[in-house]
Amino acid sequence: QLQLQESGSGLVKPSQTLSLICAVSGGSISSGGYSWSWIRQPPGKGLEWIGYIYHSGSTYYNPSLKSRVTISVDMSKNQFSLKLSSVTAADTAVYYCARTGGTAGPLQYWYFDLWGRGSLVTVSS
Amino acid sequence: QSVLTQPPSVSGAPGQRVTISCTGSRSNIGAGYDVHWYQQLPGTAPKLLIFGNSYRPSGVPDRFSGSKSGTSASLAIAGLQAEDEADYYCQSFDSGLSVYVFGAGTKVTVL
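Chains as they are written, first to last, in this note's numbering: chain U, 1 to 125; chain D, 1001 to 1111.
Chain U with its partners taken away, still in its complex shape (with noise of 0.2 Å):
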């Protein structure tokens, strides 16, 4: 059964970069035509995209997120990763990585069907 793991620092500096690893275990990450997300959640918030990698390395991102986000697959260890530069106290969340579903369609209709168990990252100095 396949199974997400993010893994990354849990504190991280204002205007330094939040990096997490979600590993991909059960499955292969370069099989199936899906793509994978990152979405994170603010404590006592909702949920908010940020960016998926397709299977293929192309990439998607939150227009709002864009110019601090970076996702990058690393197939060799069936994984991916996320960096977000230049965070403030308002990127304080927990962290989810997410396999995304309904790729045989277009990309709007796409849901995500399978998640890892989140990572919080704080932001604070």
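There could be a bad hint or two in this list.
[Unchecked claim] Here are the computed lysine-lysine pairs in the DSBU-like style, where the Cα-Cα straight-line distance is at most 35 Å:
1) U:K66 x U:K13
2) U:K13 x D:K1068
3) U:K13 x U:K77
4) U:K83 x D:K1047
5) U:K77 x D:K1107
6) D:K1107 x D:K1047
7) D:K1068 x D:K1047
8) U:K45 x U:K77
9) U:K45 x U:K13
10) U:K45 x D:K1068
11) U:K45 x U:K66
12) D:K1068 x U:K77
13) U:K83 x U:K13
14) U:K13 x D:K1107
15) U:K13 x D:K1047
16) U:K66 x U:K77
17) U:K66 x D:K1107
18) U:K66 x U:K83
19) D:K1068 x D:K1107
20) U:K83 x U:K45
21) U:K66 x D:K1068
22) U:K77 x D:K1047
23) D:K1047 x U:K66
None of these hints come from the bench; they were simulated from the model.
Based on the hints, put chain D in the right spot on chain U.
Then chain D, alone, in the frame of chain U:
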């Protein structure tokens, strides 16, 4: 402020039926894009509950059902159980913002 509007909370007694609305606009639900629903139990990650407006992933009880009409969608929970206490989020795509959007979430309380 979320692009998709959900009621902050709904409640019901065990066995009752509750519905959660998700209201959008012509740039998202009204544009014909699918609505998907997620259940987030306390302290856990969201879980896909309904995709493509009304389809249940394997393992989701048929007590949960989804529908969509015009610029709105609904999630219904029939035969409410204590284990259904959770936050529920709707999700779609917004062509004006070019982003996947979520509702602010609805907390379901079993009385």
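Cross-check of the supplied hints:
For the suggested pair U:K66 and U:K13, the alpha carbons sit about 20 Å apart, so the restraint of at most 35 Å is met. Of the supplied pair hints, the one linking U:K13 and D:K1068 is violated, its CA atoms being roughly 44 Å apart against a limit of 35 Å. Note on U:K13 and U:K77: the hinted pairing holds, with a Cα-Cα distance of about 28 Å set against a maximum of 35 Å. With a CA separation close to 24 Å, the supplied pair U:K83 and D:K1047 stays within the 35 Å bound.
A threshold of 35 Å between alpha carbons decides the hint, and for U:K77 with D:K1107 the separation of about 38 Å lies outside it, so the pair is violated. Note on D:K1107 and D:K1047: the hinted pairing holds, with a Cα-Cα distance of about 15 Å set against a maximum of 35 Å. For the suggested pair D:K1068 and D:K1047, the alpha carbons sit about 20 Å apart, so the restraint of at most 35 Å is met. With a C-alpha separation of about 33 Å, the suggested pairing of U:K45 with U:K77 holds against the 35 Å cut-off.
Between U:K45 and U:K13, the direct Cα distance comes to roughly 22 Å. Compliance with the 35 Å bound is thereby established for this hinted pair. With a C-alpha separation of about 25 Å, the suggested pairing of U:K45 with D:K1068 holds against the 35 Å cut-off. Restraint check: the Cα-Cα separation between U:K45 and U:K66 comes to about 21 Å, which is no more than 35 Å; the hinted pair holds. Distance restraint check for D:K1068 and U:K77: the Cα-Cα separation of roughly 40 Å exceeds the 35 Å cut-off, and the hinted pair is therefore not satisfied.
Among the hinted pairs, U:K83 with U:K13 is consistent with the structure: their alpha-carbon atoms are about 14 Å apart, no more than 35 Å. A threshold of 35 Å between alpha carbons decides the hint, and for U:K13 with D:K1107 the separation of about 33 Å falls inside it, so the pair holds. For the suggested pair U:K13 and D:K1047, the alpha carbons sit about 31 Å apart, so the restraint of at most 35 Å is met. Straight-line distance between C-alpha atoms of U:K66 and U:K77 comes to about 25 Å, which keeps the hinted pair within the 35 Å bound.
Restraint check for U:K66 and D:K1107: the C-alpha separation of about 31 Å stays at or below 35 Å, so the hint holds. Taking the CA atoms of U:K66 and U:K83, the gap is about 11 Å. The hint holds against a cut of 35 Å. Annotation: proposed proximity of D:K1068 to D:K1107 holds, straight-line Cα distance about 20 Å (limit 35 Å). With a C-alpha separation of about 22 Å, the suggested pair U:K83 and U:K45 falls inside the 35 Å cut-off, and the hint holds.
In summary, the hint linking U:K66 to D:K1068 is supported, as the alpha carbons are separated by about 31 Å, within the 35 Å threshold. For the suggested pair U:K77 and D:K1047, the alpha carbons sit about 26 Å apart, so the restraint of at most 35 Å is met. Our distance criterion of 35 Å between C-alpha atoms is met by D:K1047 and U:K66, whose separation comes to about 26 Å.
Checked against the numbered hints given earlier, the structure breaks hints 2, 5, 12 and satisfies all the rest.
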